[in-house]
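Colleague: Read off the chains here:
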Amino acid sequence: MNKTEKPSGKLFGLAIDEYEKISELLGREPDDFELGIFSAMWSEHCSYKSSKVYLETLPTKGGKVLIGPGENAGVVDFGDGDALVFKMESHNHPSFIEPFQGSATGVGGIMRDIFTMGARPVANLNSLRFGSFSHHRTPYYLSEVVKGIGFYGNCMGVPTVGGEVVFDECYNDNILVNAFTIGIAKKDGIFLSSECEIGNTVVYVGSATGMDGIHGATMASEEFDLKKNKKRSTVQVGDPFTEKLLLEACLEAMKKKLIVSIQDMGAAGLTSSSFEMADKSEKGMIIDLDAIPLRTFGMTPVEMMLSESQERMLIACEREKFELLKAVFDKWGLNCVNAGEVIKEKVIKFYYKSKIYKTLDIDTVVNGPEYKRPVKKPDYLKEIMPVKINNYKIPENLNDIAVKIVTHPNIASKRTVFTQYDYTIGTATVVPPGFSAAVLRVSGNYEEENKNKSKNDSKGFLLNVNGNSKYAYLDPFTGGMLAVVECARNITACGGSPAALTDCLNFASPEDPEIMWQFAEVVKGIKSAAINLNTPVISGNVSFYNETAKKEGDKTYVSKIYPTPVIGMLGFIKDIGKIITPYFKEEGDEIYLLGEVKGNLGGSLYMDLAYGNFRQKPADLDLDYEVRLQNCLRSLIDKGFLKSAADVSEGGIFTALAESAITNPEKTLGFVVDYDIKGRRIDEFLFSEFEQAFIVTAGKELSGSQGSIAAEILTEYGIKLEKIGMVKKDIMKINSIINLKSGKIKKGYYSVI
Amino acid sequence: MNNKNIKAGIIVFPGSNCDFDVYRVLNEVFDASASFIWHKDKIKDLKKYDFVVIPGGFSYGDYLRSGALAARSPVMELVKDYALDGGIVLGICNGFQILLETGLLEGVMLTNNSLKFECKDVYLKTLNFDTPFTCAIKRDSVLKMPIAHHDGNYFATGGIINDLNKKVGVIFKYCDKEGNITDKSNPNGSMHNIAGISNKTNNVMGLMPHPERSSEKILGSEDGGYIFRSIIKYIKEK
Amino acid sequence: MTKKAFIKITLKEEVLDPQGKAVLSVLKSSGYNNVKDVRVGKYIEIDMDEGKSASLKDEAEDISEKVLSNPLIEEFSIEIK
Amino acid sequence: MTKKAFIKITLKEEVLDPQGKAVLSVLKSSGYNNVKDVRVGKYIEIDMDEGKSASLKDEAEDISEKVLSNPLIEEFSIEIK
Ligand SMILES: Nc1ncnc2c1ncn2[C@@H]1O[C@H](COP(=O)(O)OP(=O)(O)O)[C@@H](O)[C@H]1O
Ligand SMILES: [Mg+2]
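Residue numbers (my numbering), protein chains in the order written: chain A, 176 to 928; chain B, 26 to 263; chain C, 29 to 109; chain D, 29 to 109.
Hints listed in this document are in silico derivations from the structure and should not be mistaken for laboratory results.
Covered by chain A, according to a simulated footprint, are these stretches of chain B (three or more residues, beta-carbon under 8 Å): (1) 39-52; (2) 85-96; (3) 231-238.
Below, in silico cross-link-like pairs of lysine-lysine (DSSO-like), each with a Cα-Cα straight-line distance of 27 Å or less: (4) B/LYS202 - A/LYS818; (5) D/LYS36 - A/LYS322; (6) C/LYS49 - A/LYS322; (7) D/LYS109 - C/LYS32.
A quick note: this is a predicted structure, and the numbers were derived from the prediction, not measured.
From the three backbone atoms N, C-alpha and C, an ideal C-beta is built for every residue, glycine too.
Next comes chain A alone, as it looks inside the complex (with noise of 0.2 Å):
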């Protein structure tokens, strides 16, 4: 290591003033084996030392919590004994780097999260952003990242049920992939990272240690620089189907109760699993570096610990059931070595070559910096005014500007991008991807005992994922507060109880006061919005640092993202029978208008496409109205009363019933709207976004003998439900303004991407 880097500003990763507080605190510089494990320890990505004191604010309890963060994964109630584990996890610069490689490791990573605590993972999600859609590298990108996803759940066979696809020219040189797993376990199997005791061996499973994503925790802490490509040659390279071997028997070891503690080696590999297992057991450990496997020959004691490679796991177990785990993983051709012990003292004892090698004190590692940063509010939003329609005249062609919203890369299918993943594996997926959230049954029989069957066959979930980084930049509190608002209304479209959430908060640089001033605002909004819908946050995971440094001629400027909070929601509906889906299903069914237009179109697609500009202030949010609509829904969906439920989301009402229209996978319909706009201006009706309000649909129900009950509900929620239209065949009219053929609608829409 060369050490006149240091007075550079960063070493490996470490600001100056961290480097001296190591210094500190050992009495003497660090040697290289100690700045490797400090370095990967205080780095932002293992030790949250800025955004810490902003997630703590978070809800984290009550509702159907079991674990909150802090463990792997959380984990709800699911009833008769179940219970679900999820989290989401980013994987934005492994990926940036070798789209394939990165977001297949990325999802084999947050896949390991959910089987270290005992649960089987049963469906994963995930959320992309890439560039422009235009930008030359994106296609590349795209598919890159498409069958790298695919090409590590499917292996593993676990179903990818949902996700979204973003595209915006903030993400030209900072894609982001961050990727969601659940899995179901028993309540009383699940297992920590937390629980090993004195005198239990240590030992390490899984794939042998190779040079793979050295200094990748550090790297992912760093901003990215054109002159940094010599930290190009780490890649890890995925292998889903040792990891399929690793989840069979890591599930088989537990059930047979060889396991006391568990902790995937996931970022800073061995380091940040050895430290942080003995940590939260309160314990210390003895590691013999001579008993790891490697790949590679020769490799020294600080690469072995920084190693990245994928698909291991840190395990300890009673000493006396060291033989029969081992058997275990034999069966499953893995490796599982002694490779140390748990002991009382609170320092990790390296031996290395059979001798001592190095003793470190685990709080000293562990209890890095914690830093309130500076903030500040972002000039730029000194510009982001309400909008001024009356400022912009009213295009003449209404029908262009509509096709042009549904066929726009972001709000167009994403068919090509979910056909490349198994989402029907498990025979548990009763509403595929394609629709509002994901819904699936328990389809029980995981283990050949029928030990893990749950009792109740008619429960089921709900799940979706949510980010919006164009209202996250515009106005940072609403973007964090629509993101959980909008997996709840997913979820409740389909008549679900939105229950808990993950989230993944992706930024810029957090030593910039206008980057931590947004990050505050955003955790405010998902703070907000998740105590008012009751969602606890049970996870989560911050990638910061998404900026990278650009030349442009002699100019130099860096490249940063908007703000980018990512929420994935998990819900429930007790029977599964009751699900409704979002698209039309029979000519001459009526359709609803639930909820309230406000018509504000700052921040829309519809600005942007036809004004080309969208700065402006997107409309607020009334959460306690938000609560009561999405009540409302509910209990008519629960009644029966509904056939279908959009929410209005991205390009609006139009979008809502044009999606509405065409997605039904048996047949192409349309609709006739005719509906009073009191005065507003018509696009205002058809284009704004995120209105609280959904497009239902109800065959006579609503209006025959059921409509007292129907209106008995709306009046305890206090809800106004307004018939707009008629489901029709092959047109889309409204107001004898928009005129369109559904056909030609559904041909763009499936066509785009």
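With chain A held as given, fit chains B, C and D with the ligands onto it using these hints.
Modeller: For chains B, C and D with the ligands alone, kept in the frame of chain A given last:
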């Protein structure tokens, strides 16, 4: 429906991942007695089973060529003996690929012509109702089942295809909703739209679509169930 | 002593090569106009102990035929060094 | 005139080769005990017109680097015949 006396063996390779699904559907939906056979289990033969299923998945990660590595596993020798003895063997998706690589079925799977993994519903036309796998399928019916594979582009030489046609070994072809066998309804470039074939004696069949994922109404189709129904009917009537 | 077997596996001429076709079209659209055709095969290196085996070549041949290639569509050639 | 470029693409030494690992384990359990290691790569044949191109070798080099291989994890070698 009590089929508990019907014993099915489900062969599990490292990387198999539709094993649980087949197991669950056979036991719960069809009330049969299915159990797993781990590829390294020390057993002499498969005689105690009424039929054997090689489920889908990614045996050995689909590395090298799908099905190639599993086909070299000793348990496949037992499957060969079982099949030559007239035993009923069903290979689904990766199981089909393994049967091809083992030589129990003829031909080979190439990468889908889209070069992509394809997960979607397809429609199937049955060409031979006179097999243990199809005897309960309604004539003229078009079956809806999902596919989920990367290498399902069936290829064989002219001689093999002739042979298949002669012995009515082509069991399923991809078609459209109305039953027309068209290029557009071919999801992967498969020769003559072939989705499933059998051996000459019709006791070994492989197909790419997943009947176990389409045996329950709640999953959008019960059509795949007709394959399991057929097998059970055939065994009961034997 | 260890030796290496280098094995090339190629598709038989009459077999369609979707991957090769895809590469060809990418190359053409990227302006490599001299390119006429592309075929994609496999290249496998095996480290072998000379130890007990009668003939490495025979063993490599056996492996190539029975495991590495599918004789219906593929051909192989072996070099030992 | 047409010439052929034969391109071998192999994983860099330090890069994990999951395919090679799986093939190795199957070969071992099938009794090929002399086999010590397996690495799986690609073998690509390109037919090229000598026509306008200054140097076929250069063009093949360019194609291998930019299209056929992933320089982050792979290496290649070219032969022209
Ligand atoms: N990357 C992806 N992977 C899987 N499914 C996806 C992906 N992107 C979008 N989808 C699916 O496409 C549908 C529409 O997505 P989106 O436009 O984000 O819907 P909404 O506005 O209702 O959230 C959803 O069902 C979603 O799950
Ligand atoms: Mg969305």
